[in-house]
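> Build the complex from these two chains, which are given one at a time in their own frames, with help from the hints.
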Amino acid sequence: MKGTYLGEFEELVLLSVGILFDDAYGLAIVDELEKQTGRTIMISSAHKALVRLEEKGYLKSKLGGSTETRGGRDKRLYQLTQAGKKVLAESRELRNEMWKQVPKIVWEGGKL
Amino acid sequence: MKQNQTSPPRWALRFFKWFCNQHLAEAVLGDMLELYIRRRKSMPKWKADALFVANVIQFVQPFAIRGKSTPTLNTFDMYKNYFTIAWRTFLKSKGYSFINIVGLAVGLSACLLIGLYVKHELSYDRFHEKADRVYRVNMELKFGDNHLNLAVANPLFGETAKIEIPQVEQTTRLQWYGSLLIKKGDDNIRERNVAWADSTLFDVFTLPMLWGNPATALREPNSIVITESVARKYFDRADVLGETLTINNTESRKITGVIKDLPSNMHFQFTSFVPVVEREDALDPTWAGSQNWNTYLLLKPGASEVEATSLLNKMVDNHLGPELKSILGKTLNEFNSEGNFFKVSLTALPDIYLRSSRIGELFGTGNIQYVYIFSAIAACILIIAIINFMNLATARSANRAREVGMRKVMGSMKSALVGQFITESVLTCVVAMLLAVGIAIGIIPFFNELIGKPIEISLLFTPQVGGIVLVLTLLVGVLAGSYPAFYLSAFQPVSVLKGSKSSGGKRSVFRNVLVVFQFAASVLLITGTLIVFRQLQFIQQKDVGYNRSQLLTLYNIDKLGNRTESMKTSLLQITGVDKVTVTGYLPVNFYRSNESFFTSPSLEVKDMISMQKWTVDDDYVQTMGMQLLEGRNFSRDIAADTSGIILNESAAKFLGTDQILEKKLYRLENEQTKELKEYRVIGIVKDFNFSSLREQVKPLAFITGLNDGGMTVRLQAGDLTQAVTAIETKWKSIASDLPFEYSFLDADFDQLYKGERQSGNLITYFATLSIIISCLGLFGLATFMAEQRTKEIGIRKVMGASVSGITTLLSKDFLKLVVIAVVIAIPAAWYFTSRWLQSFAYHTELEWWIFAVASVLALIIALLTVSVQAIKAAVQNPVNSLRVE
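Chains as they are written, first to last, in our numbering: chain A, 1 to 112; chain B, 1 to 885.
By construction, these hints were calculated from the structure, which means they are not laboratory data.
Each hint should be verified, as a subset may be incorrect.
[Stated by the list, open to error] Listed below are the simulated DSBU-like cross-link pairs for lysine-lysine, each with C-alpha atoms no more than 35 Å apart in a straight line: (1) B:17 - A:60; (2) B:142 - B:542; (3) A:48 - B:17; (4) A:62 - B:17.
[To be verified] Simulated restraints on C-beta separations: (5) A:90 - B:482: 53 to 63 Å; (6) B:46 - A:52: 25 to 35 Å; (7) A:18 - B:88: 49 to 59 Å.
[Stated by the list, open to error] Residues on chain A that point at chain B, a partial pick, calculated with CB under 8 Å: (8) 70; (9) 73; (10) 102.
Note that this is a predicted model, so its numbers are computed, not measured.
We treat Cβ as the ideally placed atom computed from N, Cα and C, and that holds for glycine.
Looking at chain B on its own, in the form it has when it is part of the complex (with noise of 0.2 Å):
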């Protein structure tokens, strides 16, 4: 009991017990307990303690520690010896080195490149200081039988916000603008993504500005704030600060604020700011009106995420109570009571870019699907060269057996064997690793090209990837290694060395469990490909409702004015064009507000239905290649259709089966005199996809008026650029003002796809490398055990079996793993897969003979490979293989 109290740290104790030798150990350890009770007499005990700590840990030195079990030299010797014998083996069997490396390299790199997409895509929006606390928000409306699901607000919920909740630090609002014609010197440049912001922009998100000051740079009106790069295309300087830009050749804008480029993993991608304040229904009191401001609030920090929704719930309810009482004569209550909502909700910032698709995005936002899909193929791909790597470890272990079978013998323990097969294994994958990293170095640029990402290869050189990589290769190194190494290490020497373990393990059902995974994984990423290449096909051949090829789009029609008439006559004159038509509601344009329409003058709201009103000319339908169903189209001899309306056949269908024709329809046309106009219908378009495949074609409404947001040219099949240059030379003699700038409408269709695209060349490229892989594993495993059995062949060869019976022989084992694995991955693949297409409102269908191709494709691939091997050593002359012992 005594001691107890005298006794110094206990771990100390045994530390020092633990590293100190033998020689030392009781000598040192009573000197220093001796020492420790003298102290205690004259200092508190946790000084003593200290002091104590301090003696053992100047022990550790190697004249200590050194002699307590094997001495360094020795274990350094034994390191080296593995390293030594793992050199000659590589050497040895040059074949399957080649195969194992390269095997692994190139799975590692494609997990590399693959890691870095993941990385970028999960990096996006993070970067922003208070990244945690701002969050957008996001409105759905409930109204009749419009559910729409908005990223959008009304012009002050913010504001009101700010003002109202505590929780609410900060807020600020973004909008398109569209883009600017800036002048430089006598040209006109577009300068596209330009976007509407308030003052407070810089408050929220982190983008440095270079010159000016941020709190006043988008306070007044006509100020612009612009980013380097735009200030070094039309300065070739960045500090721009108080120059003036000439926009759309009228106005001027002064430049108040140069800010950094954004940096790519952010979720808009404006370069231009131009200030909030000069938009007068930015201040537009209205709640249940326009939703088209992408709002962004600050919390304080520590505010609650939940709380603060459902304030801006009560807040909401409020303020559109009154609102409704005024425009529909109806309580918020009653409001509600027939179904209807509206339900705020927040979204993350980092969450925006990954995991939300609502309407009103600013910009096109990532998948988190397609972010899991590819990590999974990436895991995938390593996986099957892990256990290529592991087949053929154990596979070969025949020809190793002798050798471990020796070392114990000589008195080798299980440990050291097991040590020696991962520092094998380990310094493959090293080697492998090297290779895959300069794999991942020269193709990454094509790779970027693929993704349509600037992903930078310096990337996998920070301390954070870098880490990541030497984890896993001495990981990958460990795993592959461990089965071999465990394996082997566990043979009994007296049977080794007997012979009688020397067929190289023929019944090793966990290789051949390995081998089945390999290829199921294979099948599925096959039938992934072929589906998503059918999909792709699907979208690019399904009638939409128009005819896209040879349309022909100008830009900076608005700029035009009173030459737009003219424009329009000139051109038409031209051989090769046939139609044109004004506007610039085009099919293939993302986002458009919906407006409300109502059946009845009294605006009920069980009689409303909520559609995009998109305003063309008479030449709309025709130059489009739409179809009318019924009625007619706008004619501009008929002054009553100004107020005429063609709607589509979900439009129609919404309203019911009777007679639509000569229907009325009402639209407030002001909130607050009620002013209604009416429409009556005089057409039904058939339905055109006028957004994503991924929806349904919602319902849409043609009127007539002037919309100068461009102009779209129908061209007669022919010579295309011969037809683009004449209209040039027109456009040039009417507007030389103006930049003349097109695009084709197919191309823009094509662009929508772009996401879709890209993950299908990916997965094509990913399978096919799977594949390889699968098949390096395979090819390995048929030439050993082509190899293995050359006696059996022989004696078979000399009884009279055939070329073709012991081909037959071969291949059966192998092809009998792969029908397993096409078994087992065909259900999988079809879950996965319909899973996929669901997510597309129109999609093409899933059919047997798809898996059937997929599995028969691996079948074939997995033949070709053992029969190369099959057949070589079938023809072999039995005298060879025979001769020998």
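The shape of chain A in the complex, shown without the other chains (with noise of 0.2 Å):
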């Protein structure tokens, strides 16, 4: 279905979220992302990944949680929905299931 096709990139930012629970925002979420994968991450590109997953429902958020270091402006605390928890476990169910249907012999280097 079209609607609950997850993107790589979505994928990692939904569990970025997961892993940071409560302080889910956006710098956040891109510091946590560059952590993980190495890569650099554009600040527009995150905040366009999550308006996008919020639209899809797998995201909720809130405003809050203002410090100094951030001019006293609020964060958007993002939190994952029911349909984000189900679509990241759909999509780590697909991943097992089909690792399992990939023949031993791929991983060990025999040559057919």
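What follows is the structure, given as structure tokens:
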């Protein structure tokens, strides 16, 4: 189904939101992704993905947690919804299923 | 305070807040600030600033923008709706739309064509690479009562300037050669437009050479540089470098260069150049003597024109002093103190064509006055067309007032209504402009013929012009739409829906002002047309002092050599040939240099008269049909007549009223030996116009002698073609080696006023156009008004009003406006036309009836337009108009 398709980047963003739990906002997510993947992440791409994921219903957000270091501005704190959790689980399931179907010989470097 | 030092550029913040939607703005800004503060710890402010700006820019994406105000899709729908409504309005009132679009399109196409013409006129000589540094030398001379403004200078002016004045980088000279006979096969073809040119020609002007070396092409005697099309004419190919042309049957010239054809927007249009080195008099060291070289100076980059001019004047004074001393025995100061002077000025190359008309211009120049006149006409026509549009739109507002009221009630904002009306008007304009471009493409060949210029329609599609056209379309659309838009959108929905605004603004002062302006412009143009045509007619009919009809001029006489006399005698034997005279001095060629004559052998400046000296034979006066006022003509039986001189009236007046006949005149034959030639006045000829009628007749003298510049034949009235054929047969039998070329003098005369005639024609067309457009508008208005008052008319008829009464009622309002327009237009018309006429020394008088005719014409046209509608409304059966509610 079109609506439930999850891109790789989107999946990583969802997982980051999960990891950060109660402080999952834009910049923290960027930091987390950079730390985990070693890639440089543009702050705008992260926000773009967050907006999309919220529109798809995998995330919900609220404003809060302003600090001095951000000019007293609120963060938009994200949280996984039930649907978000479900889609992550499905994605993992799918991978596991497919992993299992790959013959062992592939991993052992055998030749046909 | 702390924050100020650590905050990113303010404008970036503001920009972000402006475009970003509410949902994200706060949080994202927080994120970016946090990142910024973090970065500031490890990098300089500028770098952090730059990265911040980069971050902001990365957010300019739909996901961050959208949702801020109305969603994008919604605005699209709104515009789509504007177009739909515009289209429906078009269809609903086809008549109005037609008048609107056609009126605008015709007006716009006239503007496009005039625009192209003006662009062409303004583009003269701007293409030269060094155009901004090239100047033409002008000499203004005053000695005695002679005052001359010349476009030419003495032979060594340029060379001397180059040596003595550091600002001058290069110089070049040009002079008319006249025409060459070039042999092609067995025939000789006349190549007109040949010039003497210095070898530095190509350093100053941008004349791309296709074959040959520009640096050396004009160095050697007997060489010639020709244009590509001349090359093709004689060789059917262009790479003819090193080929030889046989010239005038005897000499040969080697082609040392082939240049590209000269663009049409260049102030000289020569097709061949021959080297000045062949001319010994080109090195003549005189300063006061002959001024006959068109001299151009190339200044060094950055050199000031003003400074160069003052240095050039000093240079002339330095050289002139010794020369005056030796000729006149006077110092420069003495010479100047008598009110005489030699003054040098410079004309920038791009200004030569439009802003200079001195004696000795190489080719006829344009006239900046006409550029202004036509620009004004274009503006007038455009404004008339726009006014039509505005008038019709506001008049129709009644029909749309309800629509506006309804829209307002439904919550439409004023800005949205303005948007809608502007969209409608821009759309009309776009359609009109497309139509206009079509019309322009269709009539440009005709237009070119009318103005005698090769303007290409492809000019319309250059990015520059295309851009202007696009901007013009939008501008006209917005301008024409703005009044109706604001007028309509300001309606109070309550009053509109109640129906009290349905009269369509009967009392619209603004609309009346527009109609007045329209008709004032039309009356102005009608008067202008009438005056121009009267002046042209005046030129045609003016007694120019000789009889120019049935005069045939033959060319190539200079090549006849010793056969000239026998040609003359045998032509005289032909029946139909009355008289024959041999001379190149004809009253239809422009410039010939003046020469100085003195009334005393001591050569005092105060005794000097500067006049043209024409060498003619003893048949000249009779052949030309000139009139001797006093004295007698030259006679071949009187040997002393070789020193006889016939003056024209102006010269006689100049010399005073006492006994002129037998008076002695002296002329300096040789500056070095001071040899004098003495002349004795034997006759006075009635003044005849020998240059443009823009100028007064200047002093002129005939002396007798052989000048083989042409042969002019007076034909008897009757079959001219037969006479010409007979002359051709004679010519072939005597000079079969030379082409038989001729022209009629009256045709040459007409040629002198080609510019005026072309402008006259153009003005007529545009005046007609403006009247048609005005009438279209008036017609629309009248139709509308009649429609508005249908019920009133019905009631009036029921009450016993007559058809004529109602027609008058309906026409009266409009006629009042036209009368006001006439009152305003006439002083303006008087002012402009009298200024134009003053540019002619001989001109027709402004008479009151011209203005009367123009006014009555405008009134009649307006009346006809309006009354068609008025009568139509008046004859209707009142039952029809009163039955419907």
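> If a hint holds in the structure, say so; if it does not, say that too.
Here is what the structure says about each hint:
1. B:17 - A:60: holds (23 Å)
2. B:142 - B:542: holds (31 Å)
3. A:48 - B:17: Given that 35 Å is the threshold and the Cα spacing comes to 17 Å, the pair holds.
4. A:62 - B:17: holds (20 Å)
5. A:90 - B:482: 53 to 63 Å: holds (60 Å)
6. B:46 - A:52: 25 to 35 Å: Because 34 Å falls inside the window, the suggested range holds.
7. A:18 - B:88: 49 to 59 Å: holds (57 Å)
8. 70: holds (4 Å)
9. 73: holds (3 Å)
10. 102: violated (37 Å)
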